[in-house]
Structure formats: structure tokens, C-alpha cells
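**Student:** Numbering (UniProt numbering), first residue to last: 1 to 266.
Certain hints may be false.
When the alpha-carbon atoms are kept at most 30 angstroms apart in a straight line, the in silico DSSO-like pairs for lysine-lysine are as follows [what the hints assert, rightly or not]:
1. Lys-228 - Lys-256
2. Lys-216 - Lys-163
3. Lys-134 - Lys-163
Taking CB as the label site, the calculated pair distances span [stated by the list, open to error]:
4. Thr-71 - Thr-122: 21 to 31 angstroms
5. Ile-169 - Gln-143: 23 to 33 angstroms
6. Ile-169 - Gly-103: 16 to 26 angstroms
7. Lys-101 - Ala-151: 25 to 35 angstroms
8. Lys-119 - Arg-266: 47 to 57 angstroms
9. Lys-8 - Gln-115: 42 to 52 angstroms
10. Ile-257 - Gly-103: 51 to 61 angstroms
11. Gln-250 - Ala-151: 26 to 36 angstroms
12. Ala-127 - Ala-9: 35 to 45 angstroms
FYI, nobody ran anything at the bench for these hints, they're computed from the structure. Predicted model only: the values in this text are computed from it and were never measured. All C-beta atoms in this analysis are idealised placements derived from N, C-alpha and C, irrespective of residue type, glycine included.
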Amino acid sequence: MDFAPVDKAGFVDVDKLAELIRPDTTLISIMAVNNEIGSIQPIQKISELLADKPTISFHVDAVQAVTKIPTAAYLTDRVDFATFSSHKFHGVRGVGFVYIKSGKKISPLLTGGGQESDKRSTTENLAGIAATAKALRLSMEKQEVFAQRTAHMKKILFEELQKYPDVVIFSDMENFAPHILTFGIKGVRGEVVVHAFEDYEIYISTTSACSSKAGKPAGTLIAMGVEKSLAQTAVRISLDLDNDMSRMEQFLTTFKIIYEKTRKVR
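Turn these sequences into a full structure, and let the hints guide you.
**Tutor:** What follows is the structure, encoded as C-alpha cells:
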């Protein structure tokens with residue numbers, strides 16, 4: 001197994017990915033939208049790279065992309081498989097689904113009764129499936145509004161946070177998902193900032209649930225060449241239609257207080 005390198009902005013380097021392909025390569029798996037900083041990966045360019053390589057299956061992790069960016073940005077004709085998770089579009093936790101391109105075959109996850117087209121035998125989670133379908137439909141209907149509103153809120157936060165000299169922003173505006181903004185305060189660990197916001201009933205996270213539970217800095221930032229001490233400062237804001245400008249103002253007012261309080265430890 002080889003890991004595709006990313007550049008300093010967090011995008012997969014397609015040229016270096018091409019160099020990793022060997023005669024025995026059977027699968028390439030790419031995250032459509034990075035869950036830690038929101039970079040939208042070059043799925044179209046990778047699709048073009050694989051256009052003349054039909055023996056290589058192309059899988060896209062679309063968990064952070066679905067309902068957030070246009071489907072065409074991550075589900076090209078060359079994509080063979082794509083995976084999704086319900087909780088990212090207000091569905092229930094623990095339910096996911098997979099897109100399988102016509103003509104492609106996969107081995108069953110579980111064997112037995114042949115449920116779910118013989119891909120995952122066992123009694124179906126009908127309530128979870130129905131709830132996921134409903135949540136997906138409703139979220140897709142609001143996708144354009146979601147992109148516009150979250151991008152506007154992100155732009156305001158981005159511009160305001162830039163005014164603080166000890167703030168480092170890891171998520172840009174162009175070619176990044178509209179709902180993710182990751183930043184850090186130099187010299188202050190991310191969990192300190194998260195807990196400080198909790199005191200004001202504002203809830204953000206230290207990048208992804210995976211890295212935060214392991215107590216490790218964001219793997220994406222490390223891969224980008226960010227120093228470990230700086231990567232450990234990272235926190236992630238996730239925006240949604242439930243947010244509005246009054247909450248952005250509340251966040252920025254609170255951030256100013258926290259920024260001043262942490263000055264002593266920087």
C-alpha cells in the first residue's frame with residue numbers, strides 16, 4: 001500500500017500519484033473533501049489519469065462532499081465506487097451507503113440471507129435506511145442554498161480571524177468546501193480552545209473525530225508539512241444552515257475574549 005502525498009495546501013499531488021501507480025495496482029482511494037481542512041480533491045484530474053487504466057478501480061470517499069458540493073465534482077464517470085455516511089446530512093448515525101458503478105462487482109461484507117442485493121446479509125435496518133433516504137433528499141434540495149450561505153459565513157469568519165496576528169488559518173476559500181474552516185492560535189493547543197468555547201456554549205472540534213480521540217495532531221496538516229506543535233493548535237468550525245449571522249457575531253465576540261485570555265500562555 002502506498003499513500004499519495006499532498007501539497008502544502010492539502011491537495012493530492014496528481015503527478016506524484018501517477019508515479020505511484022504500478023502494474024499490480026488494483027485500487028486508488030481518494031477522499032473527495034478532506035475532513036480536517038476541507039480541501040476539495042482533484043477527482044476530475046485523477047479520473048483523467050485513470051481513463052486508460054481500466055484494471056484499476058477508483059473509490060471516492062464522499063462522506064464530507066455529499067450535499068455540500070456539486071455531485072459532478074466527486075462522482076465522475078470514471079469513479080467505480082463511492083461511500084457515504086448518513087450523519088453528515090442530518091441522517092441517523094451508524095448508517096451508510098455505497099455507490100457501485102454498473103458492471104462492477106464487490107465481495108459481500110456479510111454472507112447469509114442475501115439481503116441488500118447479496119452485498120450485506122442480515123436483517124435490514126429499515127428505519128435507518130428510510131431516514132437516510134429522507135434526509136438525503138431534503139439536504140440535496142437545499143444544496144445550492146447551503147453552499148451560498150455557508151460560504152458567506154465562512155468568508156466573514158475567515159476575514160475576521162485573519163486580523164489576529166497569532167492566528168493561523170489552514171483552510172482557504174478557493175477550492176475548499178464552504179462549510180469547513182480550520183485554524184489555530186499559535187502556542188495554544190486545540191483542545192484548550194475547544195473547552196474555552198464550551199464555557200460559552202459554543203461547540204467546535206479539534207479537526208476530525210478520528211484524530212481528536214487518538215490525541216494526535218491532524219494527519220493532513222502533518223502531511224502538508226506543518227510542524228507538529230502548530231498542527232496541535234488546529235480546531236475546526238463546521239457550518240450548516242442552522243447557523244446564521246447572529247451566531248457568527250457571537251462566535252467572533254467570544255473568540256476575542258478567548259484570544260485575550262490565552263495571551264499569557266502564548
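**Student:** If a hint holds in the structure, say so; if it does not, say that too.
**Tutor:** Against the structure, the hints come out as follows:
1. Lys-228 - Lys-256: holds, 25 angstroms
2. Lys-216 - Lys-163: holds, 28 angstroms
3. Lys-134 - Lys-163: Measuring from Cα to Cα gives roughly 41 angstroms; hence the hint is violated.
4. Thr-71 - Thr-122: 21 to 31 angstroms: holds, 30 angstroms
5. Ile-169 - Gln-143: 23 to 33 angstroms: holds, 25 angstroms
6. Ile-169 - Gly-103: 16 to 26 angstroms: 43 angstroms Cβ-Cβ, so the 16 to 26 angstroms window is violated.
7. Lys-101 - Ala-151: 25 to 35 angstroms: holds, 31 angstroms
8. Lys-119 - Arg-266: 47 to 57 angstroms: holds, 52 angstroms
9. Lys-8 - Gln-115: 42 to 52 angstroms: holds, 46 angstroms
10. Ile-257 - Gly-103: 51 to 61 angstroms: holds, 57 angstroms
11. Gln-250 - Ala-151: 26 to 36 angstroms: violated, 19 angstroms
12. Ala-127 - Ala-9: 35 to 45 angstroms: Taking Cβ atoms as reference, Ala-127 and Ala-9 lie about 41 angstroms apart, which means the hint holds.
Hint violations for this structure: numbers 3, 6, 11, all remaining hints satisfied.
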